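As given, the protein sequences belong to chains A and B, one line each in that order. In this text, residue positions in the first sequence follow my numbering: the first is 1, and each later residue adds one. In this text, residue positions in the second sequence follow my numbering: the first is 1, and each later residue adds one.
Note that these hints are calculated values from the structure, not bench results. Note that the structure is predicted; figures quoted are calculated from it, not measured. Ideal placement from N, C-alpha and C gives every residue a C-beta, glycine not left out. Take these hints with a grain of salt, some might be off.
As the list claims (entries may be wrong) - Reference listing, derived: stretches of chain B covered by chain A, where coverage requires no fewer than 3 residues with Cβ under 8 Å from a Cβ of chain A:
1) 13-22
2) 96-102
3) 185-198
Said to hold, decoys possible - With the C-beta cut set under 10 Å, the calculated list includes, among others, these residues of chain B facing chain A:
4) Trp9
5) Gly106
6) Thr109
7) Ser239
Said to hold, decoys possible - Counterexamples of contact, computed for chain A against chain B with all Cβ distances above 12 Å:
8) Lys67
9) Leu196
10) Asp295
11) Glu302
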Amino acid sequence: MEKVVSSVPVEVRGLVKRYGPTRVVDGVDLTVEEGDIYGYLGPNGAGKTTTLRMMLGLIRRDGGSVKLFGRDPAAGIGALQHLAGFVEAPTFYPYLTGRENLEFLGTLDGGVTRRRLDEVLDRVGLLDRACDRVGTYSLGMRQRLGIAASLMRSPKLLVLDEPANGLDPAGMRDLRALVSSLPEQGVTVLYSSHLLSDVEEVCNRVAIVNGGKISFEGRLDELRASFAAPYRLETGDDGRALVAAKASGALDARIENGAVWLEASSDVVDRLTVTLGRAGIPIRSLGQERRTLEDLFFRITEEAA
Amino acid sequence: MTLIRTYGWEARKLVRQKRTWAGLLAAALYALAFVIALSLKKHAGIPPDLPLAQQLTRSGVVLPLALLAFATFFGAPVISALVAGDIVATEDANNTLKMILTRSTGRGTIYAAKALAAATYGIALIAVMFLTSIIGSIASWGLHGVTLLDGRPATAGHALALDAYAYAAYLLPLAVLVAVAFFLSTATRNSAAAIVGTVIFALAFQGIAALPGLQGAKPYLLPQQFDAWRTLFGDGGASIGRAAWVCALYSVIPLAAGWAIFARRDVAGA
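Taking the hints into account, I'd like the entire structure generated from these sequences.
Encoded structure:
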């Protein structure tokens with residue numbers, strides 16, 4: 001087993017990949033800290049998968065650096081020693097059984113015991129189908145086998161690219177539970193997905209890539225804080241409340257769906273409630289809406305576009 | 001150890017693929033068809049310069065030699081390329097390279113294991129052709145001794161051993177075809193292109209060998225190496241040593257070129 005030369009699972013700096021004149025990855029910086037479940041998001045063609053391929057040493061980069069636990073994957077497979085996962089869909093030999101596929105991969109990793117195989121197959125719910133040819137597996141089963149193949153290496157960093165593809169609702173629930181439990185076992189997860197609700201549920205940090213560039217990288221709560229959520233105000237007289245809101249200094253105020261919506265700081269909202277009280281306008285409810293990751297994602301990617 | 005284990009799995013993967021068995025079955029049918037055709041037509045179609053050609057109907061050990069001579073022009077390139085030309089390309093077709101190249105075994109070991117598995121297939125192919133032809137031929141004409149080209153008598157057992165040696169010697173030029181198919185499989189990522197390319201390569205060499213003014217180079221051209229086994233039957237196998245190093249050279253070049261591509265290739269998937 002190669003020693004770990006840095007505790008930081010992923011450090012990507014200024015990563016560039018060109019196809020002809022197009023820079024599909026254009027100066028990407030990423031830092032995945034130990035214990036993170038790191039969501040990597042972006043619209044189709046944003047450069048997510050290309051970045052992951054460069055990280056895994058599958059394609060050569062045209063610029064920048066990648067360090068996995070301090071080691072460069074372009075320098076050899078030693079850098080992948082503590083990493084497992086898959087890019088795009090996991091792929092297997094259709095004419096071999098699920099167990100044989102894992103045995104083969106285990107051989108490439110230096111050997112695997114039958115007990116370990118049973119453990120990982122059981123963990124993904126494939127133990128009873130392990131002796132069937134992978135050609136007979138559904139997409140979801142192949143996905144689960146891909147996760148088993150990754151866990152088999154006992155990695156410190158797990159890279160999952162669209163792991164929920166093909167999973168049924170129960171499978172997705174199990175996947176989320178599995179991923180959420182991994183940091184407790186010392187596994188850092190890099191989770192690339194277009195299912196924003198999944199990312200929101202399991203990830204603590206995210207990066208949003210768009211047009212080959214990182215539009216945001218940080219904690220989810222920082223992302224939410226960077227885009228103030230609107231306040232929803234219900235009053236006895238929305239028309240007068242709207243006038244008062246605008247006069248109080250709200251950045252934006254409008255009546256929509258039977259309520260007044262405010263884009264404003266908390267100070268402005270405080271002043272507004274006093275103003276409404278003095279004006280005799282009853283306040284029925286006031287609350288700040290929670291921005292979903294989807295709202296933020298579209299705001300970031302569409303603003304950039 | 002990793003190379004041996006990885007090779008073991010590559011061989012196992014071949015065993016589990018229909019294409020491998022189709023190739024071996026094709027080799028067996030090819031040999032069997034040859035035996036049946038010659039049983040029916042006796043000497044018809046046997047090249048007169050074939051060692052022991054006149055003794056074809058006297059002993060079952062002669063027909064496998066005729067098969068070797070025939071296979072050089074028809075069959076060997078296609079059947080050998082069928083699997084060797086697929087062994088890397090199929091990883092591209094199934095998108096499995098990206099999976100195996102992110103494990104703990106380097107590209108060099110994987111490439112070497114695949115090359116060894118392709119070579120093993122070549123050996124299996126020749127073994128099937130030999131066994132099918134010898135069994136069919138002995139069933140037709142019996143197992144008897146023969147007279148070698150230098151007039152020395154050879155017992156049935158000795159003649160059988162010479163046959164086996166001839167087939168082993170035939171493996172040398174066949175290894176070149178396997179190496180070329182393997183290279184094309186790596187370079188084109190397409191099984192069909194690798195098979196067709198190997199056939200074109202073999203035919204091109206036949207054409208080059210037929211060009212006038214190449215007498216000095218002829219002993220070093222590929223078609224000559226396919227005939228090296230003939231010297232076992234009267235010349236003590238004099239050409240086999242040369243065939244060994246010439247074929248080694250012809251094999252190393254495509255293997256090295258394939259490695260240069262495989263080591264640096266981007267694995268982008270579908």
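Each hint tested on the structure:
Residues of the region 13-22 of chain B with a Cβ under 8 Å from some Cβ of chain A number 4, which satisfies the need for three, so the listed coverage holds. Closer than 8 Å: that is the beta-carbon criterion, and the region 96-102 of chain B has 6 residues meeting it against chain A, so the requirement of 3 holds. With 0 residues bearing a CB less than 8 Å from a CB of chain A, the region 185-198 of chain B misses the requirement of three and the coverage assertion fails. The restraint placing Trp9(B) at the interface with chain A holds, with a minimum CB-CB distance near 5 Å, inside the 10 Å limit.
The closest approach between the C-beta of Gly106(B) and any C-beta of chain A is roughly 5 Å, which is under the 10 Å cut-off, so the hint is satisfied. At a threshold of 10 Å, the smallest CB-CB gap from Thr109(B) to chain A is about 9 Å, leaving the interface hint in force. Hint status for Ser239(B): violated, given a least beta-carbon distance of 41 Å to chain A, over 10 Å. Its beta-carbon lying about 17 Å from the closest one in chain B, Lys67(A) satisfies the requirement of being farther than 12 Å from that chain.
Even its closest Cβ contact with chain B, about 24 Å, leaves Leu196(A) beyond 12 Å, as expected for a residue assigned away from the interface. Every C-beta of chain B lies more than 12 Å from that of Asp295(A), the closest at about 32 Å, which supports listing it as non-interface. The Cβ of Glu302(A) sits about 28 Å from the closest Cβ of chain B, beyond the 12 Å cut-off, so the non-interface label holds.
Violated hints, in rising order: 3 and 7; the structure is consistent with all others.
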